[in-house]
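A.B. asks: Sequence:
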Amino acid sequence: MMRPLLSLLAGLLFLTGGSQLWAEEPANASTPAAAPAATLPPAAPAAHEAAPADAAAPAAPAAEKPKTVEERLTAVEAMAKTGADSVNQVAFNTGDNAWMLTSSVIVLMMTIPGLALFYGGLVRRKNVLGTMYQSFFHCGIVTVIWVLFGFSGTFGPGATTSVPKVDEKGVEVKDDKGVAVMVDQPTAMAGFFGGMDYAMLKNVVWTPESKDDKGVRTPGSIPGPNGDYAASISFGTFFFFQLTFAIITPALICGAFAERMKFAGFAAFTTLWAIFVYIPIAHAVWGKNGFFNWGFNGNMHGAFDFAGGTVVHISSGIAALVVALFIGKRKGYPNSAMPPHSLVLSFVGAAMLWVGWFGFNGGSALSAGALAVLASCNTMIATAAASLSWPLLEWILRGKPTVLGGISGAVAGLVAITPACGFVTPCSALIIGLVAGGLCLVTATYMKRALGYDDTLDAFGVHAIGGIWGAIATGLFFCVDANPGVKALNAGLYDAIVAGTHPVILLQIKAVLITIVISAIGTTIIAAIVKYTIGLRVSAEDEEVGLDLSQHGEEGYVGVG
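Those letters in the sequence shown? Residues 15 to 575, by the working numbering.
Hints listed in this document are in silico derivations from the structure and should not be mistaken for laboratory results.
C-beta: ideal position from N, C-alpha, C; glycine also.
Incorrect hints may have been included.
[Said to hold, decoys possible] The calculated lysine-lysine pairs, modelled on BS3-like cross-linking and capped at a C-alpha distance of 30 Å, are:
1) Lys343 with Lys414
2) Lys216 with Lys191
3) Lys345 with Lys462
4) Lys228 with Lys216
5) Lys228 with Lys183
6) Lys343 with Lys545
7) Lys462 with Lys140
8) Lys140 with Lys501
9) Lys501 with Lys183
10) Lys179 with Lys191
11) Lys524 with Lys462
12) Lys140 with Lys343
13) Lys140 with Lys524
14) Lys524 with Lys414
15) Lys140 with Lys345
16) Lys501 with Lys179
17) Lys545 with Lys345
18) Lys343 with Lys462
[What the hints assert, rightly or not] Label-pair restraints from in silico Cβ distances:
19) Ile236 with Val512: 24 to 32 Å
20) Thr538 with Lys414: 19 to 27 Å
21) Thr538 with Val195: 41 to 49 Å
22) Tyr571 with Gly383: 43 to 51 Å
From just these sequences and the hints, can you work out the full model?
C.D. replies: Shown next, in the form of structure tokens:
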């Protein structure tokens, strides 16, 4: 609507005043015809050059050359475009919104069916349905939590308290009567919890009708953008996009306890973990007034996590190790062979994860601009590198490159580039991916075997280790000009990084350590509560039968021997 309206207004202006303006242009002007069309020609002879001081009279303007129809239309269109561009800088943008809705859908595709297929193929045949359903279950339970209070707790502003305002010298500011001027300041709790301002998605996806003191009704409406997070997409779209991250994060943990957790214990654990671990970490990194969010209040101790290295991968990977230790090894592990029952399913799932990750990382730009291009290209480069380095190292160490190694390497590359993709250059992305493939091979195989824990599908070895490497690599290879948001949102931080006085790497390590502590402690408490109430592990008999029959009364492959 805005562009046609601006075009019409510009056209009317040009047509009503155009004949006079055109009549006043000199015919023999030396200015080229390609001068900026959006600049109006002079409206009065006074705008032209003055005659020489010793001249008896001003020089008469020369006769004018009429403009062609094409020149007039070009000028009108340029004027309309200039007006439209200035409006779109601060307004809802359908292109950005369409990209973000698309990104939300393909990130959801990463969990169902991507992760469900990837994990489902890696387990034994008797556990395929139960394993796949765990991913599906997260889509239901996390969505309900997100609507009730999860989104609010993550992206609300948090609690504030009134404190005296101080000037640049630290002196309290007072009004004309000598009374201290008070301002709102976020509390310490606001660094990890956003409050309940957006509970039940109030003013997020829907603004309910209201009436003023005189009974005048304001109808309900769909809210537009929220400038705190994304100025060109609706707040509802932002909600949907972040929901898909909240869904996949606890689903990743399932890889560690695959084939041996009872469904009731799983449901209780994942619900509590999403509430008491994911929400505080996500708010600290991405929420308004979050402890690590460098984009608010001139935060100088923030950490850079473009799309979820700490929030998604380190938090879930550490939780995976804790639960694996808590629940114990599978019956027969490591003495009995437990190969994947279908690498074909896992291959398809990994391919869907690779494709979906462009929504994960590219979508985290929150617009369809140049930053989304950088994040997407870096994602492709790092993933390609890791998909080669893992099987190449296998080839050197074991004599053959495996398909499982190739797809596992791709996931490792995706994990490692996630925090860095919007802050590093493509050459750095290549290095991050190459290292991630080899590093995660070592941790998911040799280290796991040496330490003796049973991380069934290597959730810790790939997501925790890959996420830690990616978060630290973000600091190692940080390019301050790669992301224009750094300068736009925190000029002081930008200047400090350019000057070399800001400890980017140390703050990245600090964020990694705090995430590990929060996830480890929170997961331990939750696992203990569930273990000694509902119970975590299936019985030995049920484990032997398999989760499909023992927990769901169904089989993934009926009639197949």
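A.B. asks: Next, verify each hint and record whether it holds.
C.D. replies: Hints, verified against the model:
Among the hinted pairs, Lys343 with Lys414 is consistent with the structure: their alpha-carbon atoms are about 28 Å apart, no more than 30 Å. Proposed proximity of Lys216 and Lys191 is contradicted: the alpha carbons are some 40 Å apart, above 30 Å. In summary, the hint linking Lys345 to Lys462 is supported, as the alpha carbons are separated by about 17 Å, within the 30 Å threshold. Distance hint between Lys228 and Lys216 is fulfilled; the C-alpha atoms sit about 23 Å from each other, no more than 30 Å.
The suggested pairing of Lys228 with Lys183 is violated, with an alpha-carbon distance near 47 Å, which exceeds 30 Å. For the hint linking Lys343 to Lys545, the alpha-carbon distance of about 15 Å falls within 30 Å, and the restraint holds. Between Lys462 and Lys140, the direct Cα distance comes to roughly 24 Å. Compliance with the 30 Å bound is thereby established for this hinted pair. A distance of roughly 54 Å separates the Cα atoms of Lys140 and Lys501; the hinted pair therefore is violated under the 30 Å criterion.
Pair hint Lys501 plus Lys183 holds up; C-alpha atoms about 24 Å apart against a cutoff of 30 Å. Restraint check for Lys179 and Lys191: satisfied, since their Cα atoms lie roughly 15 Å apart, inside the 30 Å limit. About 25 Å separates the Cα atoms of Lys524 and Lys462, which keeps this hinted pair within 30 Å; it holds. Of the supplied pair hints, the one linking Lys140 and Lys343 holds, its CA atoms being roughly 17 Å apart against a limit of 30 Å.
Proximity of Lys140 to Lys524 is assessed by CA-CA distance (about 42 Å); at most 30 Å being required, the pair is judged violated. For the given pair, Lys524 sits about 39 Å from Lys414 by alpha-carbon distance, which is inconsistent with the 30 Å threshold. In summary, the hint linking Lys140 to Lys345 is supported, as the alpha carbons are separated by about 14 Å, within the 30 Å threshold. For the given pair, Lys501 sits about 25 Å from Lys179 by alpha-carbon distance, which is consistent with the 30 Å threshold.
Taking the CA atoms of Lys545 and Lys345, the gap is about 18 Å. The hint holds against a cut of 30 Å. At roughly 12 Å between alpha-carbon atoms, Lys343 and Lys462 fall within 30 Å of each other, so this suggested pair holds. Judged by the Cβ atoms, the range 24 to 32 Å given for Ile236 and Val512 is violated: they are separated by roughly 41 Å. A beta carbon spacing of about 39 Å between Thr538 and Lys414 contradicts the range 19 to 27 Å that was offered as a hint.
Between Thr538 and Val195, the C-beta spacing of about 46 Å keeps the proposed range 41 to 49 Å intact. A hinted range of 43 to 51 Å holds for the C-beta pair Tyr571 and Gly383, which are about 47 Å apart.
In the structure shown, a violation is registered for the earlier hints numbered 2, 5, 8, 13, 14, 19 and 20, in ascending order.
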